[in-house]
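S.K.: What follows is the residue order along each chain.
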Amino acid sequence: MAAPDDAGDVPRLGTVVRFKPEAAGTGVRQLEGGGFRVASSRDFRSAMAVPNNFGGADVQYFERFGIAVVRRDGARLSPLVEHARQQRIVISVRPEIQYRALAEVRRSEAPVTSLAQFDETSVTWGLEVTKVALSTLSGAGIKVAVLDTGFDRNHQDFRGRSITRKLFATKSSEDDMQGHGTHCIGTACGPQRPTSGPRYGIAYEAAIYAGKVLGDDGMGTDRSVIAGMDWALDQGCQIISMSLGSAAQVGDQPNADFEQIGRACLDGGAVVIAAAGNESSRPGNIAPVGSPANATTIMAVAALDKALGPAPFSCGGVNPEQDVDIAAPGVDVLSSLPGNRYGRLSGTSMATPHVSGVAALIAQSDVKFRGRALWERLLGLAGPLPHPARDVGKGLLLAPNQVVMASARKWWHVFGIGRA
Amino acid sequence: MADDTSDKVDVTIRIDTAQAGRLDEIVRALVASGLDRVESHARFMIVNGCVSAGSLDALRKVEGVASVRKDETYRTRTP
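Residue numbers (the numbering used here), protein chains in the order written: chain D, 25 to 444; chain G, -1 to 77.
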């Protein structure tokens, strides 16, 4: 996003100024009066992406958010901001977050190129790279709600499990006609030793709460989704996994309803984890994180491919303060399907239950990890990736390994990942 | 979804969290303004319901209502 500086192609970061909504126009006029050239995001509403250099302007102003990103600020900005603070026009000022262009990552330096081939003999590639396989945690005592297309509770791999189902979708059966929900629950809460094939499930002793909020056609509305979230809290679930959403456009605001709902969930000791969306066609087009994942109180999950790069379809933090929070495996993910079957699916839908399952392991590890503390722990454990935060957030999901140290050390070295 | 044979739309109504003590009263006012199929989520301060398209503005005028919007459609997130 940054304009090139005088030294060449190194991006120069600026300052993010957030105005009080009712005073934003005044704040922008003060910037203009101070000699800054201001470009409005309205100018780019019809564009698939915001131009990197804002057409050469000093300031890009997102009027819907009351946020200005100020470049070339130098010594001019500080007195203006101080004056605006005194007038209570400005709410906050912070440095711009640095993004690195994908083109700047040399593939030879990518840490896992040689591991792009996974044999998946004992565990899926997703459980391998997230180090779930090294963890002794099981999710025991934790309740995980998966709000999706339903669940085949008769699947052979889930016999004897604690399963609670509830139908919220209208004009739909109680069964998982899409198979999507059974696949997501398989990843989050599937068995340690499945009947067939490698281990694909993370929190294998967690209690499963399957809320069918998406109908037999794979679609649902606010009514069913919100009712499902309320039910999950009623049931005492610590994790609410939502591999669902609707697309957002460049310049859209987060849905204020889900801001409020996500906050209530955090206050109630639950983390809502949602799919960032699949509308990108990388590298040319990076679509913004969709709703409800774009709410700041809901964790947005991006999808990684087997080289631990952003999946071509995975949405990014294009709109201000609607960031990707974390990234997880989301390509060719093997999991359960209705009718005692197994299959591979791709999507941020598949990345999301990886995060939800690991969240259950963290929640099991210490009762203090609930709500916001669980959120922070998830992100704190994440391993850095050589990709922009716009695309992968804090980085690669990692399990809280109460580890077999000798085995773990090998993977830390190979991946070049530090541990919290 | 709203009944296909009517002009009614499903809506999500956000209530000002400062009005938590008045939620029941606000819901009654919404019903009086035409809202039906009401589902109230007190912990979220969110009300779902169904209303004729011409009554949306009436709902917005109810004291304590922060926003009223037509429901969105959500889908699975596979490409």
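Careful, some of the hints might be misleading.
[Said to hold, decoys possible] Okay, derived cross-link-like pairs now, DSS-like style, lysine-lysine, Cα gap no bigger than 27 Å in a straight line:
hint, chain 1, residue 1, chain 2, residue 2
1, G, K59, D, K195
2, G, K59, G, K6
3, D, K195, G, K6
4, D, K392, D, K418
5, G, K68, D, K190
6, G, K68, G, K6
7, D, K330, D, K418
8, G, K59, D, K44
[Unchecked claim] To spell it out: a stretch of chain D is covered by chain G in this simulated footprint if at least three of its residues, at any positions, have a beta carbon under 8 Å from a beta carbon of chain G; those stretches are:
hint, region
9, 218 to 232
10, 361 to 373
Simulated from the structure, these hints should not be mistaken for laboratory data.
Nothing here was measured: the structure is a model prediction, and the numbers come from that model.
Even for Gly, the Cβ is constructed at its ideal location relative to N, Cα and C.
S.K.: Any of the earlier hints contradicted here, and which numbers?
M.R.: 1 and 9
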